[in-house]
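Chains B and V supply the protein sequences, listed in that same order. Note that numbering that gives the first Met the number 0 numbers the first sequence so that position 352 is 351, with each residue one more than the last. Note that numbering that gives the first Met the number 0 numbers the second sequence so that position 53 is 52, with each residue one more than the last.
Don't read these hints as lab results, they were simulated from the structure. All figures in this text were calculated on a predicted structure; none of them were measured in a lab. Glycine included, C-beta positions come from ideal geometry on N, C-alpha and C. It cannot be assumed that every hint is accurate.
[What the hints assert, rightly or not] Using 35 Å as the maximum straight-line C-alpha spacing, the simulated DSBU-like pairs for lysine-lysine come out as follows:
(1) V:414 to V:438
(2) B:301 to V:472
(3) B:414 to V:414
(4) B:438 to V:438
(5) V:590 to V:307
(6) B:590 to B:472
(7) V:230 to B:438
[Said to hold, decoys possible] Just a sample of chain V residues kept apart from chain B, beta carbon distances all over 12 Å, derived:
(8) 10
(9) 34
(10) 46
(11) 150
(12) 258
(13) 293
(14) 299
(15) 402
(16) 481
(17) 506
(18) 513
[As the list claims (entries may be wrong)] If the Cβ cut is set under 8 Å, some of the chain V residues that face chain B in the computed set are:
(19) 54
(20) 450
(21) 500
(22) 502
(23) 568
(24) 570
Protein chains: 2
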Amino acid sequence: MHIRDMLAEAERTCEPSFSFEYFPPKTAQGVQNLYERMERMYNFGPKFIDITWGAGGRVAELTCEMVVQAQAYLGLEACMHLTCTDMGVDKVNDALRKAYKAGCTNILALRGDPPRDKEKWEAADDGFRYARDLVLHIRKTYGDHFDIGVAGYPEGCDDNKDEDLLLDHLKEKVDAGATFIVTQMFYDVDNFLRWVKRVREHGITVPIVPGIMPIATYASFLRRANHMKCKIPQEWMDKLEPVKNDDVAVREIGKTLVADMCRKILAAGIRHLHFYTMNLAQATRMVLEELDWLPSPDRPLKQPLPWKQSLGFGRRGEDVRPIFWRNRNKSYVARTQDWDEFPNGRWGDSRSPAFGELDAYGIGLTGSNEQNRQKWGEPRCIRDLSDLFVRYLNKDIPYLPWSEAPVAEEADLIKNELIDLNKRGLITVNSQPAINGVKSTHPVHGWGPANGYVYQKAYLELFVSPELFTEIKRRIENHPDLTYHAVTKSGNLHTNAQSDGPNAVTWGVFPGKEIVQPTIVERISFLAWKDEAFQLGTEWARCYDSGSPSRLLLDNVMNTWYLVNIVNNDFHNGQTIFEVLNGLEYPDMDKVPEAPTNGVANGVATDASNDATTNGIPDVAGKGGAPASIEAAA
Amino acid sequence: MHIRDMLAEAERTCEPSFSFEYFPPKTAQGVQNLYERMERMYNFGPKFIDITWGAGGRVAELTCEMVVQAQAYLGLEACMHLTCTDMGVDKVNDALRKAYKAGCTNILALRGDPPRDKEKWEAADDGFRYARDLVLHIRKTYGDHFDIGVAGYPEGCDDNKDEDLLLDHLKEKVDAGATFIVTQMFYDVDNFLRWVKRVREHGITVPIVPGIMPIATYASFLRRANHMKCKIPQEWMDKLEPVKNDDVAVREIGKTLVADMCRKILAAGIRHLHFYTMNLAQATRMVLEELDWLPSPDRPLKQPLPWKQSLGFGRRGEDVRPIFWRNRNKSYVARTQDWDEFPNGRWGDSRSPAFGELDAYGIGLTGSNEQNRQKWGEPRCIRDLSDLFVRYLNKDIPYLPWSEAPVAEEADLIKNELIDLNKRGLITVNSQPAINGVKSTHPVHGWGPANGYVYQKAYLELFVSPELFTEIKRRIENHPDLTYHAVTKSGNLHTNAQSDGPNAVTWGVFPGKEIVQPTIVERISFLAWKDEAFQLGTEWARCYDSGSPSRLLLDNVMNTWYLVNIVNNDFHNGQTIFEVLNGLEYPDMDKVPEAPTNGVANGVATDASNDATTNGIPDVAGKGGAPASIEAAA
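If we strip away everything but chain B, and leave its shape as in the complex, we get (with noise of 0.2 Å):
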């Protein structure tokens, strides 16, 4: 989506908008971690977010993956800057078209800082003069596939004060087709206010997005104000000088301070705010908290669906997905990134293409084996591995093999029942609880336009041991309301759907619009998931040693159990399942697996039940629930 659309619209509803800036950062460290942060500050609801160039080789590949991180996997609207003044045409050319690949539409076409070593600039031979040229060549080689903005100098820019000039060179940069302009950081809100009033006066009508930099220490507000050459009211001065060695009151006093500025822009017609953010979340927080900004269950984060919708090339109109990826959203993007056409709501022949390789970047078990070991203990039973679900679902671990994000809040509907499901070792790695029609401005479950109603089919994907396993797909296929699917590492599969089409599990109906779809079950993608879901565990075993109770334990329940998937098609019920599931449970939840003293270590199936013998108390055996009484309950 093009920035200028996106701030016709803030102004046409008169609702602030704002975005983030952020930079490449210097090590492999700082670049997760900020991947991270983009993630957590999605939840803010920036409108789009601004890259920096990192001018020069490494640094450049840098902004480019940033760009192509944030539209494809973070979702984010992404704007690349582009300086001009550093490189030949060949290069610009280049950082164009990864742009263009990623699915970016917009570009910040800059100058560029002169190079350290010259006083004055001086063009690359074959290269640009100014960031003018840069927009006239974007314009010429793109048409309107780009949308161009330029930089805006309300305070005068390093090596020109003359603002004149300034005026007359934005004029160009505008006439040459930017079609918005971004400011330099800077406090003096009268200053920008007279300065904006001269750039209308200059005959340039495109909007001007503020430049606001938030408080983070009182050193780096110095620090950067006076690298911008960025005048602070004596009033800031006055209030933050006092505090400078408290960074807690000055972020507090700051916060306000920002907050005051921001809503004085507003108060002059100004919508859509842009944050340098120089990478930290909380000084921008506090001051989106203090505007009452960010969303809350009174206004939620508008979500077009249910799941974050990737913005890769050719992804803009993809709004129909496995269910079985709900949790590991990035391999899911990673794996179909090769398609030629994504699933929509026409379904189309794309729906089962071929999902990519396993061995892709991004699609494995991340982290290193010690780290995992940290992360997800030694798991020696199955009660072990039963503990680490129900923490995981109490919130009290992040992250397991098979998610990559904390569990979904909607999970809190159908939680205690999760909870029981693992205490009797029935694994549980995805679920939806059943909604019948809620508002979709739910703040929870609601997705899409306003003025519609969501709803979802009760799904449940779990390990189940073969034992258990024939028990339950009996209890299911007498059931009328229940289709499922089962099946093991090698690929024996058992189901009682009738087609292999698409079950539509979530969707949404809206004023004078089709049914939207957004989430599916369907067979060939779940045979898909399922290798990935079954080498996840896999790969989790060797980060035990070989022979160690942890690797036989969890290489027999990849090589011997079950994956299925339940769908309760009545959507008025969501206990259907677990009342189906009720009085199962898995019989050696104690029993530690023993290495065979046959020598068979090659990873072929070792069905531990049969020739482990328990070996003692697990240390986790005291907070499992005894499983008589959640039998009982159930």
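For this one, chain B is given, so just place chain V on it according to the hints.
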């Protein structure tokens, strides 16, 4: 669908099923009456119908036409009889091609009667000698496209009473590719069951469908039995002969005898019966009633979709239709019959291809001018028109120019509101009530597979005068839940719909399936319907003399009023549309238009309200409720 699959299904579920046989009537009026009767008998729930072969020129054509009618318009799966002894290969191929293009997939392959003037049958020079040859020919030419049935003779054939020889012939026909057997009529069940046993002993395993002839009158009973050389058990004669002059008594006793015979056949394990209806409904209906096989609120007719599906060529996948033709099913089928593809759950690009021309057969107003004046009287003012529509809603008249069938049962939910509107001069032509998730087996609103839920958004379509339209538009546009399209004859379109994509107004949620959305509202098809809707009114106007008040009234309505459709997107609320129209009333309910004195009579809009004077009390004035009280009640 192949008959062998229907028979297998009846076998599997042990549910009795049945089919009807019709023959080509001799007169055009007879054909029209039969089509109407077939449409009514659709509601008895036959699995399929047979159309007998009318040997020779025009009657053969009529058989083919009846097959088209059954498949395309009536949604009845047809089995076309085809004889081969009286035709060359070319004529057989021609008939098969026509059946194929009609969407027909079942043929009953017969030898045919010997010509009357010859004692023994002889093959046409280039023709077939036995039914077996025809079976082989169909299989060779069409592979498995057609399911093929053949005749069985439990009481011997006209020209052959040698049972062993007949069984040999039957075996040959089955070995040639026939997959089911339909018997001649009989009343001697014991003999039939004996014969079935002999058929099985002959190694013939395909299903046997007994042919049942219900008893209409004593004379016809005797005549047919004698004609078919069919043995009548003494018990039947003993019971029927004494009452032979009392048709009612004959039918009553005959019903019991035939029903008992059916029960005996069923008890022997045969699940499907074929009724020789002789193109009459009553005797067959009485038998089905006696057997308790007719659909009932407890066991409603199975309807895969809320509208009657066409089984015409290439149409079986069609599962989406615009709501506008809800009361003109045949016209929709006719206007879309040339489409390459029909809209289905995937919508596709065929959603709005060119609709067929309005002057095609079966689309315009049916009936002669005289007939239509008799049906609909001579409306002279809007109150007369309104009274006519009220009488339709009260089921006092069965048709209107815009409705080819009596008002649907589901309209009962909103009947009072619709009558109110019409009494106020808002002329309603189509509507459906809001349905918020009733069971798919609901006797009135249900459709689709069992264990599902169906939904509807409230819909109203009406003609309104330009004066009222301005106010209606204002009110609708102030309501967040309503979307509308309004258009004049000349194409002046108003709408508040955000897109021209489909708005699903009927949908169903079923086990293991995507959401089915069979009825939509969307712009392009509304514009196609608009042409038809205004043309129907204009053709109705032409039923009256030029210059007559009825002609002027109807022409004025067609030339100046708006056709408006309104969807209430909040399907939880069935009253909103009516509430929004509260208190509105056409101001000149009793004004009778006069022909303009300047001689303009060229069909251009005549604004009757400007130049006509009220010239008396219309004859229905006493019937309409006082508008003031309607307003107060609303």
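So, going through the hints one by one against the coordinates:
The suggested pairing of residue 414 of chain V with residue 438 of chain V holds, with an alpha-carbon distance near 22 Å, which does not exceed 35 Å. For the hint linking residue 301 of chain B to residue 472 of chain V, the alpha-carbon distance of about 30 Å falls within 35 Å, and the restraint holds. Proximity of residue 414 of chain B to residue 414 of chain V is assessed by CA-CA distance (about 47 Å); at most 35 Å being required, the pair is judged violated. With a C-alpha separation of about 21 Å, the suggested pairing of residue 438 of chain B with residue 438 of chain V holds against the 35 Å cut-off.
Of the supplied pair hints, the one linking residue 590 of chain V and residue 307 of chain V is violated, its CA atoms being roughly 41 Å apart against a limit of 35 Å. Taking the CA atoms of residue 590 of chain B and residue 472 of chain B, the gap is near 25 Å; set against the 35 Å cutoff, the hint holds. This hinted pair does not check out: residue 230 of chain V and residue 438 of chain B have alpha carbons roughly 69 Å apart, beyond 35 Å. At roughly 19 Å, the least C-beta separation between residue 10 of chain V and chain B is larger than 12 Å, which holds for a residue marked as non-interface.
Here residue 34 of chain V stays apart from chain B, with its beta-carbon at least about 35 Å from theirs, past the 12 Å limit. In this structure residue 46 of chain V is separated from chain B by more than 12 Å, as the shortest Cβ-Cβ distance comes to about 20 Å. Consistency note on residue 150 of chain V: stated as away from chain B, and its beta-carbon is indeed over 12 Å from all of that chain's, at 36 Å minimum. No beta-carbon of chain B is positioned within 12 Å of the beta-carbon of residue 258 of chain V; the least distance is around 32 Å.
Remark: the non-interface label on residue 293 of chain V is consistent with the geometry, its nearest Cβ contact in chain B lying 26 Å away (cut-off 12 Å). Against chain B, the non-interface label of residue 299 of chain V holds: every CB pair exceeds 12 Å, the least being about 18 Å. With a least CB separation of 26 Å from chain B, residue 402 of chain V remains clear of the 12 Å interface cut-off, as annotated. With a closest Cβ-Cβ approach of about 9 Å to chain B, residue 481 of chain V is found to fall inside the 12 Å limit, against its non-interface label.
Distance check on residue 506 of chain V: its Cβ comes as close as 5 Å (rounded) to a Cβ of chain B, failing to clear the 12 Å threshold; non-interface status is violated. Its beta-carbon lying about 5 Å from the closest one in chain B, residue 513 of chain V breaks the requirement of being farther than 12 Å from that chain. With its C-beta approaching chain B no nearer than about 43 Å, residue 54 of chain V sits outside the 8 Å limit, and its interface hint is violated. With a cut of 8 Å, the hint placing residue 450 of chain V at the interface with chain B holds, because the nearest CB-to-CB distance is about 6 Å.
Given hint, residue 500 of chain V at the interface with chain B, holds; its Cβ is 7 Å from that chain's nearest Cβ, closer than 8 Å. Hint status for residue 502 of chain V relative to chain B: holds, with the closest Cβ pair at about 5 Å, below 8 Å. The beta carbon of residue 568 of chain V comes within 4 Å of a beta carbon in chain B, closer than 8 Å, and the hint placing it at the interface holds. Annotation: residue 570 of chain V was flagged as interfacial toward chain B, and the flag holds, the nearest CB pair being 7 Å apart, inside 8 Å.
Against the hints set out earlier in the document, violations occur for numbers 3, 5, 7, 16, 17, 18, 19.
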